[in-house]
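In order, the protein sequences belong to chains H and L. Start counting at 1 in the first sequence, then tack on 55, and there's your number in this note's numbering. Oh and the second sequence: position 10 is -5 in this note's numbering, straight run, nothing missing.
Because the hints were derived from the structure by calculation, they are not lab data. Do not rely on the hints blindly, as some may be mistaken.
What the hints assert, rightly or not - One side of the interface only, derived from the structure: several residues of chain H facing chain L at Cβ under 10 Å:
1. L74
2. I123
3. I136
4. S209
5. L217
6. L226
Claimed, not checked - Restricting the straight-line Cα-Cα distance to at most 27 Å, the calculated cross-link-like pairs of lysine-lysine (BS3-like) are:
7. K139/H x K164/L
8. K31/L x K115/L
9. K96/L x K197/L
10. K192/L x K115/L
11. K171/H x K192/L
12. K96/L x K192/L
Cβ coordinates follow ideal geometry from the N, Cα and C atoms, glycine included.
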Amino acid sequence: MEFSFRLIGTWLPKFIGALVVSLEAAVASGILALCVGSVVAFGMALRNRTLTYCLQVFTAVFRNSPLIVQLFFWFYGLPFIGIKMSSFFTGVLAITLNEGAFFAEIIRGSINGVPKNDWEAAESLGLGRGRILTNVIFPQALRNAIPALTGQISLVIKDTSLLSMIMIVELTRVGSMIYNQYFDLTGFIFAAALYVVLFIGINRASFVLENRSRVRR
Amino acid sequence: METAISFGEVLISLGRGALQTFRIVPLCVLFSLAGGMVLGIVQSRKIPVIREIINVYIVIMRGLPPLLLMMFFFFAFKLSIAFVTAVLVLSLYHTGYLAEIIRGGIEAIPKGQLEAAESLGLSSYSTMTKVVIPQIWYQIIPSLAGEYIVLVKDTALVSVIGVGDIMQEGTELMQLTYKPFEIYFLIGAFFFVICFSLQQLSGWAEKALRSKLVGSEGRA
Chain H
56 MEFSFRLIGT WLPKFIGALV VSLEAAVASG ILALCVGSVV AFGMALRNRT LTYCLQVFTA
116 VFRNSPLIVQ LFFWFYGLPF IGIKMSSFFT GVLAITLNEG AFFAEIIRGS INGVPKNDWE
176 AAESLGLGRG RILTNVIFPQ ALRNAIPALT GQISLVIKDT SLLSMIMIVE LTRVGSMIYN
236 QYFDLTGFIF AAALYVVLFI GINRASFVLE NRSRVRR
Chain L
-14 METAISFGEV LISLGRGALQ TFRIVPLCVL FSLAGGMVLG IVQSRKIPVI REIINVYIVI
46 MRGLPPLLLM MFFFFAFKLS IAFVTAVLVL SLYHTGYLAE IIRGGIEAIP KGQLEAAESL
106 GLSSYSTMTK VVIPQIWYQI IPSLAGEYIV LVKDTALVSV IGVGDIMQEG TELMQLTYKP
166 FEIYFLIGAF FFVICFSLQQ LSGWAEKALR SKLVGSEGRA
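Bound-form chain H, shown alone:
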């Protein structure tokens, strides 16, 4: 097992392109998943029995099955019923729905963790349930959820490696392309190093974010 710097040199443009694709997919699906998670958690907090039940089914189904199964489900299934999307968007869709369900559970737990007094105080001011949620509970819940959310976000970048299975040229794919051409593991090692650097970067950033968002009372 040897590391060939020459190979990295010639493949560097490909690697940079792949890194951009990985990051684009991670950022896009991360932001969308946060939106999906917020909406779902919000819906659950409305205490409408039918709505809550439907949303619970959504989160249970998407959390308890592997992302790769969901990805293939959409990738091979959607064209079958006449919906044609680029594989990039299919990938982002799959990661969004999967991670959205995880985000929803995190935010839901955080909403439940907001003290009851806040609800009562807002109610005594004559606010409706929807208003209380949007203006009082939700902002606090989101802030309290930051440590758990950033932990989950660092998983999104790892999820994007699955996009290599649907023919998208991202980091993992470049690694296997190099192996297929030269039978050399350098590509995998370099891709792995990039993933670890990204992971450490996200960790540092989330540490800063956590410290900034902490409220002292």
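Given chain H's structure and the hints, the job is docking chain L onto it.
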């Protein structure tokens, strides 16, 4: 292409894959628990250099996508049996996560207990095995179950190195029958049943442990 694959045959193929998945999961559960236990205990002792080395291992495992790790090991060691590579990779990967969980569980044990054990003249080995480890389970069961659910879902990835698990059988069937929705729905349902029951089981175990603790000590 007209295919003559009946629903029964689909189920038989998927069943064969499911059996292979069922062979992988318990082995990974055992190996990663053993590995996580060793690393977690060593980490809780805070030995200078070793601690840093294990930290690097944990960060790498937490930072890498399991798919990449799987392909790397498969091509690097060219083990003739893909099954061994699959079990090895998933165990190594989840060892990193479990070490963190177990270290957290050990560090959550109050200091007073360690001092009490010391004052009774217990060696550090007996303190660990007889005092600390029996108590961490209650604390770590939710995270442990969460991690094992991730492990079960990660076994779907072993199809890329050709282990013949349910996912690989499914993809081959899909190419024969062109019924992606049905087949991936069945596979998803298979994983759903396992993961959902694991989740319920962990909730039940947590409750049982809590009532046992409350019962034996007479306090909440």
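**OP:** Take the C-alpha atoms of K96/L and K197/L, compute the straight-line distance between them, and say whether it is at most 27 Å.
**Re:** Answer holds: K96/L to K197/L is near 23 Å, not above 27 Å.
Subject >> Agreement of hint L217/H with chain L interface, Cβ distance less than 10 Å >> reply: 6 Å, holds
Original post:
Would the stated hint for S209/H survive a check requiring a Cβ distance to chain L of less than 10 Å?
Top reply: 8 Å, holds
Subject >> Proposed interface contact between I123/H and chain L, which counts if any beta carbon pair is under 10 Å >> reply: At about 5 Å, which falls below the 10 Å cut-off, the nearest Cβ of chain L leaves the hint on I123/H intact, so it holds.
Subject >> Straight-line alpha-carbon gap K139/H to K164/L, limit 27 Å >> reply: 17 Å, holds
Original post:
Within 27 Å, alpha carbon to alpha carbon, are K171/H and K192/L?
Top reply: 25 Å, holds
**OP:** For the pair we were handed, K31/L and K115/L, check the Cα-Cα distance against 27 Å.
**Re:** 20 Å, holds
Original post:
Holds or violated: L226/H as interface residue toward chain L, Cβ cutoff 10 Å?
Top reply: Holds. Min distance 8 Å.
Original post:
Can L74/H be said to touch chain L, with a Cβ gap under 10 Å?
Top reply: 14 Å, violated
Original post:
Does the interface hint hold: is I136/H within less than 10 Å of chain L, judged Cβ to Cβ?
Top reply: 8 Å, holds
Subject >> K96/L paired with K192/L [C-alpha distance capped at 27 Å] >> reply: The hint holds at about 25 Å.
Original post:
Is the Cα-Cα distance between K192/L and K115/L 27 Å or less?
Top reply: 23 Å, holds
Violation of the numbered hints given earlier is confined to hint 1; every other hint is satisfied by the structure.
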